[in-house]
Structure formats: C-alpha cells, structure tokens
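Residue numbers (our numbering), protein chains in the order written: chain Y, 1 to 244; chain V, 1001 to 1255; chain F, 2001 to 2047.
The set of hints was computed from the structure by calculation and includes no laboratory data.
None of these values were measured; they are calculated from a predicted model.
A virtual CB, placed ideally from N, CA and C, is assigned to each residue, including glycine.
Don't take each hint at face value.
Anything over 10 Å on all C-beta distances counts as not near chain Y; from chain V, calculated [unchecked claim]:
| hint | residue |
| --- | --- |
| 1 | Glu1097 |
| 2 | Arg1168 |
| 3 | Ala1171 |
| 4 | Ile1184 |
| 5 | Ser1187 |
| 6 | Ser1250 |
Here are some, though not all, of the chain Y residues that point toward chain V, as calculated from beta-carbon distances under 7 Å [what the hints assert, rightly or not]:
| hint | residue |
| --- | --- |
| 7 | Gly21 |
| 8 | Leu23 |
| 9 | Trp27 |
| 10 | Pro186 |
| 11 | Leu188 |
| 12 | Pro195 |
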Amino acid sequence: MSESTVARPIALDADAPALPGLLRASWLVAQKDLAIEFRTRTAFFSALVFALLGLTIFYFAWDPTAVASIDLAPGVLWVIFTFSGLLGLQRSFGVEQADRAMDALLAAPVEREAIYLGKAAANFLFVAGVQVVAIPAVALFYNVPLGSIWLSLTGIAVLAALGIVAVGTLFSAMAVNTRLAELLLPMLSLPFFVPIVMAAAQTTSRLLAGRPESEAWPWLRILLGFDLVFMLACAIAFPYTLDE
Amino acid sequence: MTTPITGRPSTSSAGGADANTAGDGARSRPALIDGWIVAAALAVIAAYVRIIWFTPPEATQGLAQKIYYLHLPAALNAYLAFGVVFVTSIVYLWLHEERADLVAESSAEVGLLFTTVVLITGPIWAKPIWGTWWTWDARLTLTLFLWFIYAGYLLLRGAIVEPSLRARYSAVLGILGALLIPFIHMSVYLFRTLHPMPIVLKPDRPSLPPEMLHTLIFSFLAFVLVYLALVRARYRLSLERVRLAALEGSLEGGR
Amino acid sequence: MAQTAGYYHAAYIVAGTLYVLYTLSLVIRRRRVLQRLDALERSGTER
C-alpha cells in the first residue's frame, strides 16, 4: 500500500498572496506530511513498537547485578531514541518517491527552505510522539524515577529531537536519491547524532543521580550550540540536495 | 637488531610501462608513478633511515616511542586532507567547478588512508606505553570520528551514479562534516574531564630534545610530500575516470 | 627497553605496507581505466 497521496499541488488559500510566507508554506508542508502519516499511521506505530522492542532487548541483555538500573537507563533511553528516530526519518522523503510526488512538491510555489522546515517539523512531531511513549516505558521497564525530573527531561528531549531532526531531515533528502538509501541514512547521520546522544544521556544520568543542574549546563550548552549551528546549516544546504 | 626498511619500491619502470602501453601513440599519458611519487618515496625512505638509525630512542618509553614519528605526521595529514575536502567542497558549491569536486574526492581517499594509519599506529603505540590497546583518548577518538566521516563521504560517493548530483551531495557532506568536528571535540573533551580515566604514563607532550624535534619535522615534511604526491596521482585517476564515463555515456547515447 | 621493539617494528611495517598498497591500488585502478578507455577509443575509431 503506497503511503503517498496522489500527486496534487498543495492547496493554497484563495486569498493568499502568490508566494506564501516561509512559515505558512512550511506549515502547509508539515500538514501534508502529518496528514499522510495520520492516514496510515504505519510508520509511527512501527517506530513505537521498535522502540519498545529495543527497550525489552536491552533489558534482557543487561546484568542487573553488575550495573545499576539508574546507570543503564539513560544510555538505553537515548540510544533507542536515536534509532527509532531514524525509522521516522527514513520515511520522511521516502513518501515522496511514489507517484513522483516530489516533482509535484517542487512544482508548487514554495521556497525550498519551506519544504525543509515543513518536513523537519513533521519529523519533530513524529520523534516527539515516539518519545511520549518511550520515556514512560523506560521509567516502567527499568524502574527509574524519570518522573522526578520530568521538566528537565522534556527540555532535553526537545533539544535532542531538534538536533536529530535538523540533520536527519537533510540526510533523508539526500539518501533517498542514492542506491543504498536505508543503509546510507543511518551511516551518515549517526556520527552527527553522537554529540546529541552524549549530551542527553550524560545530562539525564546526572540529574537522575540528584546532582545539581549546574553540572548539566555544559552539556546543554553543547546541545544548544549544536542545534543552532545545524538547523541553520542544514536549512541552507537543503536546496542543494534537490534534484531540479 | 636493525629493522628491514619497508620503503616504497621504486616502481618507475612499471610506471613507465603505463605510458608505453597507451594505445594511442599520438596522445602520451603521463605515468602514474611520476616524479612526485618518486620524490615522496625517497623522502619517506630518508625519514625512515633517520628515524631508525640516527635518532636516539627515548629513555622511558624505549623504541616504541619512535612510532610517534609515524603517528603524528599521519594525524596532521589526515586533518590537513579534510581541510582540503572542506575548502574544495565550498568551492564546488560556489563555483560549480568540477575539478574542485575531483580534488575533494582525491583528498578524501588519501585522507582516509592517513586516518587509518593513525588509528592503527595509535593502539600499537598505546599498548606498550599505556598498557591497553584502546583508551578513549580525546585525540584518538576525534580521529575515529574523522574516519567515520571520511568513510561516509566515500560511501556516499559510491552510491550515486550521476556525477553532478554526486558532487553536490559530497560537497554538502564535506561541509557538514567539518562543522561536526568541533562539536565532537567539545563533547569528548567534556566527557573526559568528567570521567577521568586511569593513565599509567602520560607521555603526551614530552619536551622533545632537538634531535627528536628535527626528526619529527623531517618526517612530517616527508609525509606532506606523500600526501601531495598521492592526491596528484589520485586526481589524475579521477580525470581519467570522468573521461571514461563521458565516453561510455556518449557511446550508449549514440546507439 | 628491548621489549617495546616488537611494537615499533610492527607499526613501521604495517604503516609502510598500507602506503605501498594504496599506491599500488592507484596503479592498478588506473591501468584498468586506461585499458577500458583504449578499448572504447579503438572501437570508436573503427566505425
């Protein structure tokens, strides 16, 4: 079953100016992607199930007498976050492959950056959606009091998701035009995900151990810097990846 | 006693055969093993000789310390090569100059070679000095990531057939990869300051007596020559591959 | 001191071998490309 819609131009408001503003165009692109995803929901559920399976496998690969749960759980959480995020990113441009939907998208009068922002936004919501389930699952399976740091954890999750989505959306656009798309996307993305995972996991583990928030600050600074630099760089680079 | 020198055999005769077997006599192709490579080979042999026989071993580390003369120049070249990839990537996106892309491709391959040498000589040095093959030492870890970026770059190139798309995508990755390096550095550095690892000896920056410093510089210059020679040779290969692809493409178009 | 000599030999041999092998790979790859170029050019001029 094809996940893409029949190629049709993005519906524009009749009163709108010929070239929608960047944000509006991005939101339209995001809406389109989310509508596709919502209609079938297969990718989202697949990523969700994958995350839960991963958490389960890690649990059974773990020797609780050797490593305390509170030491293991942050690492597991953020690694699973990365890999389930990759699943969502794969489909981000994969949906445009069928019916040459990408050509229709490019024919629409939207700035190219809007396509990137829109898809990144859709991916962000996808990843966030998986996290909403995965984080409580980690708390449950590994018996760690994530609820006690839920506010900070949310902040970390948002920053981490932004980074993953910024880089992953761009690489997804590139990988989809190559011969080894499913292999290439993880291989290109993972080196970029490392600073994100590091910062997120180290911060989570520190906060869980009850250490003062000021200790997490250096990591968060790196994460913030990463997000800013790569959101900008990938948005600028995106038009170069389009095949037109 | 004395190690056999594994210098580069002078294959200028084989390289000359390259030019002689060119089918079309009117167009003589330059030999791959050209003056640059011979010069680089001689420089490396000279460096090896100097290192092995004319440089005293360091007192505490013994002979294994001499691995450093191989390890550090390779590391500097690995990063130099990536700098070249970065700059040529920008040039390509800005000017659409195909030659910039070919230089990037060549520098990436040679850079991968040097990075591999760093990652192999590093542990071989670490084992006798630090007692373990691999520690997540900040510099070696950064070099490991450099290796991953190079590998990704070359695999990306291998996965795209269309030349201009390949060049564009590679350029994007080349630039983003260069942006990543400082973040990896910061992350690993922060990680290590917060998780200090036991180190037996820390021969990081020994103050080098003059003979050792001179040998290091000599070795470094020799390997820069190797870098330049190899990139030149690889670049020539790139040009010929482009010509081959163009010829095959036009022949197919004609049928 | 002598105990570390083995490592030192290994490193130099491995590194030297890698550089040589890479150069040889360049020679071989170039030879293949030139052969195919010659074959194409010959068949092209025959027609």
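Hint by hint, here is what the structure shows:
1. Glu1097: 15 Å, holds
2. Arg1168: With a cut-off of 10 Å, V:Arg1168 comes too close to chain Y, as the shortest Cβ separation is near 5 Å.
3. Ala1171: 7 Å, violated
4. Ile1184: With a cut-off of 10 Å, V:Ile1184 comes too close to chain Y, as the shortest Cβ separation is near 6 Å.
5. Ser1187: It is violated; V:Ser1187 is separated from chain Y by about 4 Å at its closest Cβ, not greater than 10 Å.
6. Ser1250: Since the minimum Cβ distance to chain Y is about 22 Å, V:Ser1250 lies beyond 10 Å and the statement holds.
7. Gly21: With a closest approach of 26 Å, the Y:Gly21 hint is violated.
8. Leu23: 24 Å, violated
9. Trp27: 25 Å, violated
10. Pro186: 10 Å, violated
11. Leu188: It holds, given that the least Cβ distance between Y:Leu188 and chain V is near 5 Å, below 7 Å.
12. Pro195: 4 Å, holds
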